[in-house]
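Asker: For the record, the sequence lines run as chains P and L.
If you count by the working numbering, then the first sequence holds residues 1 to 111, one letter each, in order.
If you count by the working numbering, then the second sequence holds residues 1 to 111, one letter each, in order.
Please note that the accuracy of each hint is not assured.
Stated by the list, open to error - Simulated DEER-style distance windows between Cβ atoms:
1. L/P81 <-> P/N56: 22 to 30 angstroms
2. P/P17 <-> L/K78: 44 to 52 angstroms
3. L/Q17 <-> P/L80: 38 to 46 angstroms
4. L/N52 <-> P/T79: 23 to 31 angstroms
5. P/L39 <-> L/N30: 38 to 46 angstroms
6. L/E83 <-> P/P17: 45 to 53 angstroms
7. P/S53 <-> L/S97: 30 to 38 angstroms
8. L/R64 <-> P/S41: 38 to 46 angstroms
9. P/S28 <-> L/D57: 19 to 27 angstroms
10. L/P81 <-> P/M59: 15 to 23 angstroms
11. L/S73 <-> P/T79: 17 to 25 angstroms
12. L/P70 <-> P/S25: 41 to 49 angstroms
13. P/P111 <-> L/I55: 30 to 38 angstroms
14. P/I74 <-> L/E14: 27 to 35 angstroms
Hints listed in this document are in silico derivations from the structure and should not be mistaken for laboratory results.
We put the beta carbon where it would ideally sit given N, CA and C, even for glycine.
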Amino acid sequence: DAKTTQPNSMESNEEEPVHLPCNHSTISGTDYIHWYRQLPSQGPEYVIHGLTSNVNNRMASLAIAEDRKSSTLILHRATLRDAAVYYCILKSGGSNYKLTFGKGTLLTVNP
Amino acid sequence: DAGVIQSPRHEVTEMGQEVTLRCKPISGHNSLFWYRQTMMRGLELLIYFNNNVPIDDSGMPEDRFSAKMPNASFSTLKIQPSEPRDSAVYFCASSFSGEQFFGPGTRLTVL
Chain P
1 DAKTTQPNSM
11 ESNEEEPVHL
21 PCNHSTISGT
31 DYIHWYRQLP
41 SQGPEYVIHG
51 LTSNVNNRMA
61 SLAIAEDRKS
71 STLILHRATL
81 RDAAVYYCIL
91 KSGGSNYKLT
101 FGKGTLLTVN
111 P
Chain L
1 DAGVIQSPRH
11 EVTEMGQEVT
21 LRCKPISGHN
31 SLFWYRQTMM
41 RGLELLIYFN
51 NNVPIDDSGM
61 PEDRFSAKMP
71 NASFSTLKIQ
81 PSEPRDSAVY
91 FCASSFSGEQ
101 FFGPGTRLTV
111 L
């Protein structure tokens, strides 16, 4: 599996935007970029995914570099509920559903 | 839908005892995953099923671990005999089109 690199931790203030970076320089052409997050004492939850184009949904936006070697998860207005570990994961296309979780980024949101 | 259901939520047992963890996936999902999470090793995929058939069990630590999926609505993960190093949170997840939905987890403590 291609690897991803994320900062161990980041801090943000409530109601400010947050940009969570992820490097994946060995990404292959068929790898999708997935983001999951894990709130304290809960299972991970899906946030967003993309292949080449930027993506938006109700939770976040995903900005993908033109060369696809990096991406950024954007939370437009952080809330206290967004405090979690955020995982950037590369997943092969096709029928292989395997996800390999790294250490992720622990996001702290200050009131 | 109630989401992925896991039972029990907490299990405390003594070394050498058999432990059975249970999972009910979301109705209509055709893939099921068992993960284990510890502070030291993070979130690890143990095994995953597609259409009730085990596809990849390379993450199963050893022969003491076994998993079954007798039908589309039920799966078990069994540890026999259990050891203190098996203490962890075990998550079950299900999927239909790629996005995985995680259950609340079972916190296992082996004394």
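Asker: Hint by hint, which ones does the structure fall short of?
Answerer: 1, 4, 5, 7, 8, 10, 11, 13, 14
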